[in-house]
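What follows is each chain in one-letter form.
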Amino acid sequence: MTGLAEGAAVVAPAGSPAAWAWLMAVVPLVSAAVLLLVGRRLGRAAPWVAILSAGFSLTLAVWAAVWLAGREAAERTVVHTVATWLPAGELEVDWAVLVDPLAVAMSLLVTGVGLLIHVYSLGYMEHDSDIPRFFAYLNLFLGSMLVLVLGESLLTLFVGWELVGLCSYLLIGFWFDERPNASAAKKAFVINRVGDVGFMIAMFLLFGAIGSLSLVEVLPAAEGLAGGTLVAVGLLLLLGATGKSAQIPLFVWLPDAMAGPTPVSALIHAATMVTAGVYLIARMSPLYVQIPEIGLVVAAVGAATALVAALIAVAQNDIKRVLAYSTVSQLGYMFMAVGVGAYSAGIFPLLTHGFFKALLFLAAGSVMHAMADRGDIREMGGLLRDLPITGGTAAIGTLAIAGFPLTAGFFSKEEILAAVADTAGGEVILAIGLVVALLTAFYMARWFALVFLGPRRFEELDHPPHPHESPLSMTLPLVLLAVASLGGGVLNLDPETGVLAGWLAPSVVAFEQTAAIIGHGLLEAIAIVLALVGLAAGVLLFRAGPREVSASAAPAVRFAQDAFRVDELYRAAIITPGHWLAVGLTWFDERGIDGAVNGAGRATSGLATAGARLQTGFVRSYALAVLIGTVLLIAGLVGVWMAAGDGIVLTGGW
Amino acid sequence: MTPVLAQATEGGAAELWTFIIVGAVALGSAFGLILMRNAVHAALMLVLNFLAIAVLYAVLQAQFLAVIQLIVYAGAIVVLFLFVLMLLGVSREDSLTARVPGQKTMASVLGVLLFVSLAAATAGPFLGDASVCGSEEALTGTGDGVPCLGLAAVNAAEGNLRGLGFLLFTDYVWAFEVTAVLLVIAAIGAIVLGRRQEDPSELVEPGSTVLPARRGSGSAATEPGAGPTDADEGAATETSEATPSEGEERT
Amino acid sequence: MSVPAGYYLILAAALFSIGAVGVLIRRSVIVMFMCVELMLNSVNLTLVTFARINASLDGQVLAFFVIVVAAAEVTVGLALIVNLFRLRASTDADQVGALRA
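Residue numbers (my numbering), protein chains in the order written: chain A, 411 to 1064; chain B, 338 to 588; chain C, 209 to 309.
Don't read these hints as lab results, they were simulated from the structure.
All values reported here derive from a predicted model rather than from experimental measurement.
Beta carbons: idealized from backbone N, C-alpha and C, even for Gly.
Mixed in with the good hints, there may be bad ones.
[Stated by the list, open to error] Chain B residues, not near chain A, derived (Cβ > 12 angstroms throughout):
| id | residue |
| --- | --- |
| 1 | H378 |
| 2 | V384 |
| 3 | M443 |
| 4 | L450 |
| 5 | V453 |
| 6 | R499 |
| 7 | F513 |
| 8 | V515 |
| 9 | L520 |
[Claimed, not checked] With the C-beta cut set under 8 angstroms, the calculated list includes, among others, these residues of chain C facing chain A:
| id | residue |
| --- | --- |
| 10 | A228 |
| 11 | V231 |
| 12 | V277 |
| 13 | A301 |
[Unchecked claim] Simulated DEER-style distance windows between Cβ atoms:
| id | chain 1 | residue 1 | chain 2 | residue 2 | range |
| --- | --- | --- | --- | --- | --- |
| 14 | B | A524 | C | L295 | 20 to 30 angstroms |
| 15 | B | I358 | A | A1035 | 52 to 62 angstroms |
| 16 | B | A361 | A | Q1025 | 38 to 48 angstroms |
| 17 | B | G365 | C | L295 | 30 to 40 angstroms |
| 18 | A | G1011 | B | A361 | 33 to 43 angstroms |
| 19 | A | G1011 | B | A524 | 47 to 57 angstroms |
| 20 | C | L295 | A | T996 | 51 to 61 angstroms |
| 21 | A | A1053 | B | G365 | 34 to 44 angstroms |
Model the full assembly from the supplied sequences, consistent with the hints where possible.
Encoded structure:
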């Protein structure tokens, strides 16, 4: 196998798309800057600038993919150095792009879904007063994500990593004049920072051990690293990934991130940015292949997150929060896959999930658009008649995420389960994966049934909305994404021989198969049955509308509705002690440190006041002071003489 | 006269008696100077003191300085003092009690301390038998004090006045010339300072007999006609006459 | 019966101390000034005594300069006092409080 793990990178030939790949990131960034600076003057043309730049990036990504596909498999890892960024002694960071199959696959997803969501936003945001700013942020995000994906060194990757975090913050808080939005943005930012610290320390450790941050140099050197360093770096990178990808313990920000506009939820918080953690771990696969135990930790984190988020999703009533927890849960699935070393099986759902979760979010946005921004699914129902395109595409998305046979989600889920089944010690994770598969089908069916099926409950509201199908700019992306959700499976029909697996082979290093817990055929059958059961149960139970919760189950349901009270737990365990620590430190700062400083000042001032009182203005007082000094001086001199033994002779007449 | 006196007292009992009497006069007049309430009396005490010191100069074989002391100090300087006292008419001091509490006590204690320190520092080594000027012990150096040689030999060569003159116009000629300049400058300075200003009201601060208690009073005080002043009595009466209502209000 | 040189020095020290105390306890600027003159004279006495002790006329020359400078000082000082009186209508040193903090 040749690829990044062996450091077999080639320099991009001049004129090739790889040599131009940096424009993929730069053009949207420039466009964002233009929109931020003069966006308001552009008026109605502003969104089109953004869409054009997104289209440019997509075109470039497609070109790069085609070009790369035309090369020998061994020469598909291409590096192009644009400029030297940080020439600081030993640390020399080039601004270089790494064009390899993984990066191209990611940039295709980012630019493709990104472009669709740009188009969708054209319709969704048409009544907003701040369109240029919105599109500027979208473009900024697009560029940042491409910086992340194409980054050749960990540091450039980190820059993109931080930039997308910033975009996430900006876009969650896009309607910042409402307090909850602003705090949700802040929460996302702060929690992401926790993960970022892990990432940073991992970078420091790697630099300390290897002396470089360039992926081309770091990844081949991973083999020779000491065990302790490897474990530390692996766990720290996992911390970084859990922050960005909303995994336990840092998943609490993602549901709140739904405060942002729905296209943002679709683009950033479902399809692209949150997958950065998965991407990071896949990117660092030569490192993780050295430490399968840590990989198992990754998988365990993913499994736990998947289960918890799925359970919470069952009890949620907000149209977007269900999808948000679903995203967390699906990301947990991906972590399971990359944790057991099935990187193509991890990247595959990353792509398909990008399709169908973006589809579902956009459908949710379309529904909210039709329902005058109401989000409670208990107040909906029967919308399939009013919104046939939205409803139809949402149905496809639901089937895909549930793993209905032959949809994109079906193949990706099967591969993950199969990969877990091949890993020693993966029994519990496999069981959880199956349970989550059932739960996923169930809550998505519930979601679909409550929104699109059954009686039209919204007509009983005080001000019933009059739902209508969304404009073409919104339905077109829905249809395209629905097609991708249905047919995305062809990318990787089989874990070993699929297109994607072969494509990604130079970029990632898969683990060896270590066990065979269950036959793949049987597993497939079980998963299909679970998906069908879940779907059927969800539709049948919630077809007629929301159900009364029985008294015995009420506490559990409320517990799930409150997201397992994780926020409260964090508040009690971290925020409150932190608050008291801060209060204590503030007290210490004010009384202790400032007190010392102020005390010194006050003492000086007091001393000065006392000294000023000596300044009576009476010349004679000053003369007295002079005399005191004189006497002291002379007495001192006499004392010194006497001590020196020169002797003052008192004889004679005395 | 003075050389005779100096020679007569050389190392003899006469010098001791002269010293005792003249020293007592000097001390007494000094105390009188600082204790007399009337400034004119104090000035007279000063004259007495200067005279006593002139005598001591003569005894100490500084005949020229003794004369200078009489002419310059007792003659010119004290007369100048008296002249100013008469001119200003401030011979009486209101009281010796100080505004600053404890000033007098402190000054006295410090004065005693100063005296002890100075005496110990300067006079200490010169109290033995050898420090009797011109004595046998001083010349042979067998005494226990620091020997005092006496100026007899030096003065005998050319005389005190000629000796001083040689020194002034040889070794100290530079200092001598500078002193001349200093005197000229002092004269010019005194003239400049003594020159009367065109408008006296600019010189005299209103309410100057009262301590300027507040810092802000300065600006108000410089305003013309801000109020009657002690120094400008004519203006004050004019003001009070011009505004009788103000006086009525006060009464 | 003779006079050790130290006696003169003690007398000078006494006069100097008396002069210093006078400067401190008298309120009239003129009398304070007189006390300064007294102190100058006591120093002159010391100088002359030391001239005799050392059998050298240099001390007397220095005393001569002190007298000259004192004369100049008195000239200027009295002019200042006259000005002060014009300004304050008093020669009380405690009336001059401009240095008060």
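These are the hints, each one checked on the structure:
1. For H378/B, the non-interface assignment is confirmed: its Cβ lies about 21 angstroms from the closest Cβ of chain A, beyond the 12 angstroms cut-off.
2. At roughly 24 angstroms from the closest C-beta of chain A, the C-beta of V384/B stays outside 12 angstroms, upholding its exclusion from the interface.
3. Residue-level check failed: M443/B sits 6 angstroms from the nearest beta carbon of chain A, not beyond 12 angstroms.
4. A cut-off of 12 angstroms between C-beta atoms contradicts the statement that L450/B is not in contact with chain A; the least separation is 5 angstroms.
5. Not every CB of chain A is more than 12 angstroms from the CB of V453/B (nearest about 8 angstroms), against its label as outside the interface.
6. Against the 12 angstroms criterion, R499/B stays outside the reach of chain A, whose nearest CB is about 34 angstroms from its own CB.
7. Residue placement check: F513/B keeps its beta carbon more than 12 angstroms from all beta carbons of chain A (closest about 30 angstroms).
8. In this structure V515/B is separated from chain A by more than 12 angstroms, as the shortest Cβ-Cβ distance comes to about 26 angstroms.
9. Non-interface status of L520/B relative to chain A is upheld: no Cβ of that chain comes within 12 angstroms, the nearest being about 26 angstroms off.
10. Checking A228/C against chain A by beta carbon gives a least distance of about 6 angstroms; that is within 8 angstroms, so the hint holds.
11. Taken as an interface hint, V231/C checks out: its beta carbon lies about 6 angstroms from the nearest beta carbon of chain A, inside 8 angstroms.
12. The beta carbon of V277/C comes no nearer than 19 angstroms to any beta carbon in chain A, farther than 8 angstroms, and the hint placing it at the interface is violated.
13. At a threshold of 8 angstroms, the smallest CB-CB gap from A301/C to chain A is about 5 angstroms, leaving the interface hint in force.
14. Range check, A524/B to L295/C: about 22 angstroms between beta-carbon atoms, so the 20 to 30 angstroms window is met.
15. Separated by about 37 angstroms at the C-beta atoms, I358/B and A1035/A break the suggested range of 52 to 62 angstroms.
16. In this structure the hint that A361/B and Q1025/A lie 38 to 48 angstroms apart at CB holds, the actual value being about 41 angstroms.
17. For the hinted restraint 30 to 40 angstroms between G365/B and L295/C, the CB-CB distance of approximately 36 angstroms keeps it satisfied.
18. The hinted range of 33 to 43 angstroms is not satisfied by G1011/A and A361/B, whose Cβ atoms lie roughly 59 angstroms apart.
19. Judged by the Cβ atoms, the range 47 to 57 angstroms given for G1011/A and A524/B holds: they are separated by roughly 52 angstroms.
20. Taking the beta carbon of each, L295/C and T996/A are about 57 angstroms apart, inside 51 to 61 angstroms as hinted.
21. Taking the beta carbon of each, A1053/A and G365/B are about 37 angstroms apart, inside 34 to 44 angstroms as hinted.
Consistency note: the structure conflicts with the earlier hints numbered 3, 4, 5, 12, 15 and 18.
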